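Those protein sequences? They're chains R and Z, same order as listed. Our numbering puts the first sequence at residues 1 to 482. Our numbering puts the second sequence at residues 483 to 648.
Hints should not be assumed to be uniformly reliable.
What the hints assert, rightly or not - Distance condition first, Cα-Cα at most 35 Å in a straight line; then the derived DSBU-like pairs of lysine-lysine:
no., chain 1, residue 1, chain 2, residue 2
1, Z, Lys-524, R, Lys-20
2, R, Lys-335, R, Lys-270
3, Z, Lys-524, R, Lys-270
The set of hints was computed from the structure by calculation and includes no laboratory data. Source: prediction; values computed, not measured.
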Amino acid sequence: MTTMTETHAPAAIPQAGAVKLTMLLGGVVFLLMMIFGLLMRSTQGGLIEIDPALFYQILTAHGAGMVGTAGLTGAAILWYFTGRHVPLLPGVYWAFLGLFLLGVVLILGAIFLGGYAGAWTFLYPLPAMSGGQWGPGASIAFLLGYTSIGVGFLLLHLEVMRKLIGAYGGIGGALAWPVAFGNGRAEDAPPPAVVASMASSIFNTLGIVVGAAVLVASIVNLAVPGFAVDALLAKNMIFFFGHVFINASIYMAVIAVYEIVPDYIGKPWKTTRLFAIAWTVVLFFVLAVYPHHLLQDLPMPAWAMAMGQIVSYFSGIPLIAVTAFSLLVYLRQAKGLRWDLASALLVLGVAGWTAGSVPAILDGMIVVNKVMHNTQWVPGHFHTYLILGEVAMAFGFMTWLTRREGEALTGLNRAAFWVYAAGGAGFVLMFLVSGALSVPRRWAVHLPEWHLQAQLASAFAALVILGVTVFVLRYLARLGRG
Amino acid sequence: MQMTVLALSLAVMAAIVWAFIAAAHAAGSAEVSAGVESRRMKLIVALAVIGVVVSVVSLRPWPHAASAAPAAVVNVSGGQWYWEIDSQSVPLGQPVAFNAQTADVTHGFGVMDPGGRILFQVQVIPGYVNRVDYTFDAPGAYRVVCLEYCGLAHHDMITEFTVAAE
C-alpha cells in the first residue's frame, strides 16, 4: 500500500480534531438511528408491539436523524478535504457544529417531549393539523431545529465557496470550466475535491435557502393560522430542499473517495475535461430533478413531471460513467493495492450508491411511479444509496482517520465489513421485494401477509447494527489511544 | 409491472456489484490503456441512447392522460383518517374518473386490486381537485389505502369499493 504523503497527514489538516469529533457524533447517531430502524421493522413484522403514536415519533426521529447525520458527515468530509487546498476559518466550523447540535436538541425535544410526528418531510399543512397528536409548539420547535441546522450549513458552505472562489478565480474556475468548456489545460485544473466541493456547496446552498423559505412560511402558519400557503407550492419547495440536501450529503461524502483512494492506489485522481463537465451537469441535474418526487401530484404541469423523469434517468450517467467507471479503472490498474477497512468501505460506498441509482431511476418513471410510489420500494432505493453508499463512505472516512500503517482487511475488521455489507444488502432487498408486493411505506401496522419480509429485514438490520457497533467502538478506542 | 421492475432492477444492480467485485479481484492486472476512454464514451453514448428511447416510449402516450368521456365519475373525499366515496360500485371495462379531494392534509389515494396489488394512485393535495382515471379489467372488491403519511392513524385509512361484473 502506498503510504500517505506528509502534507496529507491528518495532523496537518486544520481542525482535524473537530472533524474527528463530528465523525464520532455522526457514528453514534447513525447507530442509534439504526436501532430505531430495527424497532420499526420489528413492529411491522409483528415481532414487537409499539403504539402507533410512538412508532410515528420514532419514524420522524429516524428520518430527520439519518438525513441530518448524512448531511453532517458529508459536510465534515467536505470541510476536511477542502482544508487541504484552501485555508478555512475554524470558527465557522464550530458555529456549524454548534448550530447543528442546537437543532438536534430542538428536534428531539419536539418529538419526544412535544409528541411531534409529522415525519422529516414536514409536509405542509401536516405540522399544523396533527389530528390532536401534537400541538403547534412542538411543530414550531421541530421547524426551528431544522432552521438552526440550515443556518449552520449555510455558514459552512458560504465560507467554503468564498475561499474557493478567491483561490481559483471565481465560480467557474473552481468548477474547472476553463477545462470543461474552454482551452484550459487539465494540468492547471483544480483538484477533484475542489470541483466537487464547489458544486455541492452551490446546490446545497440553493436548496437550503428554498428550505428556509418554506420553513419560515410553515412557522408563520403555525403561529398565525390565517396565514395559509398553497400546499402544492409548499410541497415543491420542501422536496426541492429535501432532494438537494440528501443528494448533497452523498456528493460531499464522495470527496473522501477522490482524496483517499489515490493514496491506496498510488495514482492521483485528476480533474479531466470529462470530470469537469460531469460535475457541472451534476450541479444542474441535482437542482432540476426534484419533480420526480411529485409524479403523482396531478395538478403539477406535465412538462415538470416529464422533466423530472428524464433528468432522473440522465442524472445516473455522470455517476455511472464518470465516478463509478473511473473507480473501476483505478482499481484494475492499482499496483500493490492492499485492502483495509477504510478502502473497502469507500469502494463499497461508490458501489452501493451506483447500485441504488437503478431502483431510484426506475421509480422516477411515471408509469412505474404510479404503482411503486410511496410503497416500500422508495425506502428500498434510498436505503441502498445511504446504508451502502453515503454511510459506508462516512464510516470509511472515519476508519481512515484512525488507520494504522500496514493494516489489512483481516480478523474483526474483515468480519465487521462483511457483516455490514451482507446485512445492508439483505435489508434493502427486503424493502425492494416489499415494494414490488405493494406494501405501503410509513405504516405503523402491517397486514399479516406482509410480516415475513419485515421479520427478515429485522434480522438483516441487526447484522448492520452489529457491524456499525464494531466500526464505532473501534474508532472510539483508537481516538482514545491517540 | 411490479415484478418486472423488481427483476430488472435486481439484474442491473447485480451487474454493477459484479463489476466492482471483478475490479477488486483484478486489482493491478490492467495496464493504463487508451482504450479505457473509448469504452467510457461508448458507455455514455449507450446510456444516453437507452435514455432517449425509454423516455419516448414511456411518456407516449402520456401516463396521466384523462379520458374525454369517462363512463363514471366518482368523487372521493379524504380526511384524518377516513375515505368517503360517493359511489360504492363502478363499471367494468370502461374508464372511471376519480376526483379526489382532502378535508385537511395531503393524503395518497391508492387503489389495490383484490389480490393486494396497487393499480394506481394520486396525491390528494389540499385546495385542488386531483383527478385520476382508470379502467378496471376484473370485477371484485378493491381496497382503497392512504399512500401519503398523514398522522396517527394513517395506516387505518382503508375502505373498499366494488367493480361490478358486466
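Now the hints, each set against the structure:
no.: 1; hint: Z:Lys-524 to R:Lys-20; in the structure: violated (42 Å)
no.: 2; hint: R:Lys-335 to R:Lys-270; in the structure: holds (18 Å)
no.: 3; hint: Z:Lys-524 to R:Lys-270; in the structure: holds (21 Å)
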